[in-house]
Every structure is written in C-alpha cells, then in structure tokens.
Amino acid sequence: MKQQKRSTRTITHLNKSRPPFEGRNYKFVLAIVLFIAALILTFPYEQGAQKSSYPTVGEVSPKTIIAPYTFEVLKNDTLLRLEEQRLLADAYPVYTYDEKKRQRAQNHALYIFSQIDTILSFDSIEHKEAKSFLDSLGLFTYREAKALRANQDAVKAAQQQISSMIDRGIRAPMPETLPTPEDDRLLDKLRKNTIHRDIRVYTGDDTTVVSKDSLYSRPEVYDAVLSELPSVDQSKNMYFTSALYKIMDQIFLDTYTFEPAKTLHTVEEALEEIDSVKTKVIENVEIVRKHQRVDHHTHEILSTLQSMEEQTRAEDSRQQILKNISALLLLSLLSVLIITFLRQFIPLDLTADTYFLLLSCMTALQLFIIRGAYLFFPTLFLENSTTATTSLEILFNGVPMLVGVFLASMLFNRETGLLISVFFAVYLGIATEFNFISVIKILITGGIASHMAHSIRYRKDYLRIVLLLTLINTVVVSLAIYYNYELTPHLTMIAAAFAFSDVFFSVIITILLLPLIESRFSITTDMKLLELADMSHPLMKRLSIEAPGTYNHSILVANLAESASDEIGTNSLLCRVAAYYHDIGKLEKDPRNFIENQGNCENPHDHMPPHESARLIIDHVEMGVRLAKKHQLPGSIISAIQEHHGDACMQYFYNKALHTNPEEIPARETYYYTGPKPQTAETAILLLADSLEAASRSYSGDSMANLDGFIKKIIYEKIRLGLLEESTLTFDDIHKMTRGFSRILEGVSHNRR
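Taking UniProt numbering, I'd label the letters of the sequence shown as residues 1 to 753.
Rather than coming from a laboratory, the hints here were simulated on the basis of the structure. Check each hint, because a few of them may be wrong.
Think about it this way: if two alpha-carbon atoms lie no more than 25 Å apart in a straight line, the pair counts; the simulated BS3-like pairs of lysine-lysine are [claimed, not checked]:
no. : residue 1 : residue 2
1   : 280       : 63
2   : 131       : 156
3   : 100       : 246
4   : 541       : 630
5   : 589       : 629
6   : 278       : 131
7   : 63        : 156
8   : 27        : 629
9   : 101       : 156
10  : 589       : 630
11  : 736       : 656
12  : 246       : 146
13  : 656       : 718
14  : 212       : 101
15  : 262       : 101
16  : 75        : 280
17  : 541       : 589
18  : 712       : 736
19  : 146       : 131
20  : 290       : 280
21  : 541       : 629
22  : 100       : 262
23  : 278       : 75
24  : 101       : 246
25  : 128       : 146
26  : 212       : 262
27  : 156       : 146
28  : 656       : 589
29  : 290       : 63
30  : 27        : 630
31  : 718       : 736
32  : 100       : 280
33  : 713       : 736
34  : 246       : 128
Let the sequences and hints guide you as you build the complete structure.
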C-alpha cells in the first residue's frame, strides 16, 4: 500500500482494468482530428475590409466622402516624364580632357609621317632597299605604299587635317551598358533626352560646358579627314584610303574621356529634384459632397484613395492570415498544455482515449454553439442608449457559453471544468479581440460553474445554479460595462437578460445531453448514481426477492462503505451504490450456495468437493460483471464488482482441499479470485467493508476496544496480503476509516446481541 499523503481528488468512473490507449489508439487519434477540425471550422477568422466603390468623372456622388487619413495624390506618368526631361536638360554628360593624350598623339603623328616621307623619298618602290624598309615598318602593304607615292599631295593634306583634329580633340563615345542595371537605367534616361546637345568638360579643376557637336567622335573624325582631301587617282583610291585608315588608327587617341560616375551623379541630382506629389489631401477634409458631380480633379483624388485602400487590403490580408495562424497555434499550444496537465496531475478519464474523445466532443459542441450564434446574429444594438455594442460584446454574453464547462465538471471533475473555462476564455478573447467583458465573464462564471456543477445531485440544484450564476453573471457584465462605458438601468436589464439566457440554455442543453453521454460512454455522475440507488431498480428488486440475505448484506456493506468514505473525503455516494450491486452475480447461481442466504438450511458445500465450491463462489464476480453489462450499469460499478475481492484466496476451501488430499498442492487459479486488485480508494473501501461485514457475523466482543481491534485485524490482514497496494489509500486513511467502520459495526453488533 502506498505510504503517501492522500490526495483529496476522487476517481468516479475510470475502468482501471483496461490500460489507457491499449488497443484503442484510434479513439485518441479521432479525438485529435475532431478537435482540430472543430477548431479550424469554427475559428472566427478575421475578414479584410470591404472593397469601396467611388463615382467616376461626370457621375453624381451618392454620399459625402471624407478623407479617412492624410494622403498624397501623385502626378501621372506624362507629367513626370515632362518634368524629368526639363530637369535632365541641365544634367550634362561629363567628360575629362587629357592634354597628355593630345601631345602623345601629335608626337606619334610626326613619327608616322616621317616614315611616310622616307617611303616617298625612294626613287622607286621596287628597289630592294625600299622593300626592306616597308617590311621593317610593318604598317603598309606594297600596293598601299604605291598609292601613297601616287597621291603625295593628298598625303600632305591628310597630315594637316590629322594634326588639326588632334588639337581639336576627339570625344569618346558613351558606353552601351554599365556594370549595374540601375546605372544603365539612369544613363538611358540621359541618352534619350534630346532637349540639349551640350556636354560638361573637366580640365583639371576647371569645368566648362561645350557643344557636343564641336567635338568629333572617331568615326566622325575619319569622315571629316577624308572629306577634306583633294581628289586622288580612282584606280588606286581603295589602297590609299586603306593606308589612310591605318595611319589614323595609329595616331588618334580619345582626348575627351566619358566619366560614367560623375555623369550618373549629375543625373541622380537632377532626378532627386522631381516632385512626384501633385496635391496633398488632409485627414477629415471633404473630398466630394453628396449629390455633387465628380470632376477630373476630384476623380483623381478618389482614384488615389481607392488604390491606397486596395493596397491596404492586400497588406491587411497577409497580416490577417499570419494573425489567424498565430491564434490557431496559440489555442493549440494551450490545448496541449491542458491535456498534459490533466494527464499528469489529474489521473481521471482523460488518461483513457475514450475520454479524450469525449472531451473533444464537448469542446467541439461548445465551439459550434459559439460559431452558430456568431453567424445567425451578426449584430445587436442596445436601443435607447448612447452606446452601440456589436455582437461580439453583447452576443457572447447571451450565448450558452457554459455547456462545455457544465459537462466537463459533471462528467469529470472541477479541475477539468475550470481548465475548459480557461480555454474558452482565451478563445473568446481572440474572437472578440480580447474584449474585456467577454473574457472576464467566462473566467469568473466558468470557474464558479465548474465548482457548483460537480456537486449537482438533485433537480433543485439546477434551479440554485441558474439563479446564482445569473446573479453573478449580471454583476460581472454590469461591472465590465461600467468599466468601459456608462452603466445605465437599461444596460443592466439587458446584461441580466443575457446572463439568464446564457445560464438557462446552458443548463437545458446539459440536461438533454447528459443521459446520452452517460449511456454512450458508460460514465457515472452523481445523478446516475442516485438513479441506481433507487431500490426499485430491477436488479435490486431481484436481489431482495431471490437472495434476501445477499440484499441485507449489501445494505450493511453500503452503510459501512459510505461511513468510511465520509471519514476520508472520497465519493461516498459511489461507495454506497457500488456496495448495492457488488454481489449481483449471486443471482445467476443458486443463492443458497452463499452463506448469507442459507439461514437454518443445510450448507450445500458440505457435500461438494472444495474445488467446485471455490469455483462456484469465485464465478459470482464474473457473473456479476456480465449482469451489470446486460443492464448497462456504468463502468465504475462494473469496476467495483470486478475488484471487490481483488486476487484474494478462498482460504476456507483451500485449507479444506489441503486437508482432503495432503499430498497434492491445490492449483492457485482454482482457489483465487481473478482480480484485479482495487485500483481506487472507493473500490478498496468496498473490499474492506465487504470483508468486515462478513467477519462481523462471528464477532462476539462487547466493547469498543475489542471492536476496534477486530476491525484493525481484518484491515491489516488485507494489507499484509497486498490487496490494497494498487489503490490510493494511505495509512492515515486507514486510521480515519476505522472510526467510520466502528460506528456502523457497533450498531450492527448491538442489534445482533
């Protein structure tokens, strides 16, 4: 037996003979699927703002439109392009002039033409010396050299033109592409701008703006040089031109170099001055009046407002998706925490897959009730008051919000009901954007309801709960309204009406569902136990008629068990009812086989082998379980029938078998009950009460001291046999239970004397 401080919790309907989840995992999976599906289907997803429709040009506005916030109307693309071109007119392409390149080109020109003069100085190009010089120069072919000698005047003119072009300067072209796309885009804007034909030139620290046309690019220089030459021999023109191009390619350098970085900086500075705002609309300013015709300017403002609202809706939609997912995850984590807490600290039905399924069903039912109310009653207003309240603030205070709490508390325990109320408080907080009234109301009333509902036994208890919770609900909602708004008698009346609606319909739905759940899931509530305690139950009638000795024995055991249970704070009603039915299996056998029904008749066991007698008596447990299932008794009563003898030995018949055949050891399974041992405090009390009542028939003591010793002897014998080691009883409980047993047995012994 466990030597620990006793817990005050009671286990009222857990069948401990079947390990949780063993062979039934599908129910646990079904419970998870059901809960997740209900949560997803009933979750109050936030919806985006509705799309606004504004009148167009020429239409009459059906309403006055006020600017909801400050916003800017931007210029259209045409205006922006015009302003861009105007500003880019002062953003010149930037070049750098390099004097050293000019000098190097001139020096190279002198060298090239000195070599040409050498070629021209030969008497004939056919001479060996002339051919050797051409080969060493490596610039002209034989035919090109002959063409130069044939057009010496043109060569002199070309020398002058080339020298002049070098002094004038040659402009490098803008690059077709730049390293980055953004730089390319900016340069393209400048390249397409046709307002000006100027460029900015940096010469050292000095800067000047010159005409782009005054500076030639290389192709333009080539064309200019050729155009200024005198006519040449046409038969040799092709070779002369080829030679001249080779000369210019060797000499010309770009003295004006394009500066992309400086140019882009100039473009960026120009573009920064572009003002994209056409007009600014201030918040709460009237855009258009009702029945006023919309002009182009007003339409432009309305179009901008509509575009901004659409953009806001798109952004809000993404935020709402993330917000909904976060809320679902929050509720899921809370659910996991609650389930973990219940499994670790409250070893009730939630440790079995069947009861996880039941808890999911109750939660799903409550979620659908909330969702249904939200859909069918979208908005309620408080008439004759200055405060208009949406459905989320008023409706949720009239919806039957306590169904899940009532069911959880009545079917399980107060702790489960309280945790369910916490879950729905968080759910309502998310649904109402943490509306203070809804959250505080369900926390307070749910906590009180979970405490009161667990002790419901009689019909008057329902009336007490309805009246008390309506009063509490009204006070809570009224205080919350007063905290947020201005409390008026009208608001107080509405709060009371909604409070009554919540509690009343929650009780009605609970009453309708409770019998269905009890029968479907084989769960025991106090009300079910009171029904079973009715002596007009068919089994009790049979017991009183067919086995009156067993009937009286059961009544005495019930008195003993209830008295002991009251002493230690367990479920005394369960103990009493379990005692009524613990021996119903004796009805399936001849009741005269059991000593309490024999009276002065002959004992049939005197003429039976000990193993047959033992089997006949042991079978009454199995017969009782079958009879209980046939009459649909709840699981807690069936457990009590199975466990009220544990795995004890039929010592009398075992010893008789040893005496009959000393040489043969009797088989254990023949003389021992099949168990299991008592798993709860209630079934352990029943085992002790049954043993004490049977033993008390032979008690002959005449003092309380003797009676207490007798009781302790029986109890400690059961402890020695290990029959109580799997229950939750403690040694402190044993001491207290002795007083309860003694009080009843004293009266029984007195009557027998």
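Hint check results:
1. 280 <-> 63: This hinted pair holds, its Cα atoms lying about 22 Å apart.
2. 131 <-> 156: holds, 22 Å
3. 100 <-> 246: It holds: about 22 Å lies between the C-alpha atoms, which stays within 25 Å.
4. 541 <-> 630: holds, 16 Å
5. 589 <-> 629: Distance of about 17 Å is within 25 Å: holds.
6. 278 <-> 131: violated, 77 Å
7. 63 <-> 156: Violated, because 87 Å separates the two Cα atoms, which is more than 25 Å.
8. 27 <-> 629: holds, 21 Å
9. 101 <-> 156: Judged against 25 Å, a Cα distance of about 23 Å means the pair holds.
10. 589 <-> 630: Status holds; Cα separation ~16 Å.
11. 736 <-> 656: violated, 36 Å
12. 246 <-> 146: holds, 15 Å
13. 656 <-> 718: Measuring from Cα to Cα gives roughly 21 Å; hence the hint holds.
14. 212 <-> 101: holds, 20 Å
15. 262 <-> 101: holds, 21 Å
16. 75 <-> 280: holds, 11 Å
17. 541 <-> 589: holds, 16 Å
18. 712 <-> 736: holds, 11 Å
19. 146 <-> 131: Status holds; Cα separation ~11 Å.
20. 290 <-> 280: holds, 22 Å
21. 541 <-> 629: Distance of about 17 Å is within 25 Å: holds.
22. 100 <-> 262: Holds, at about 21 Å.
23. 278 <-> 75: holds, 5 Å
24. 101 <-> 246: Holds, because 19 Å separates the two Cα atoms, which is no more than 25 Å.
25. 128 <-> 146: holds, 14 Å
26. 212 <-> 262: Holds: residue 212 and residue 262 sit about 17 Å apart, inside 25 Å.
27. 156 <-> 146: holds, 15 Å
28. 656 <-> 589: holds, 22 Å
29. 290 <-> 63: This hinted pair holds, its Cα atoms lying about 4 Å apart.
30. 27 <-> 630: This hinted pair holds, its Cα atoms lying about 24 Å apart.
31. 718 <-> 736: Measuring from Cα to Cα gives roughly 16 Å; hence the hint holds.
32. 100 <-> 280: violated, 55 Å
33. 713 <-> 736: Cα-Cα ~15 Å, so holds.
34. 246 <-> 128: holds, 24 Å
The structure shown violates the earlier hints numbered 6, 7, 11 and 32.
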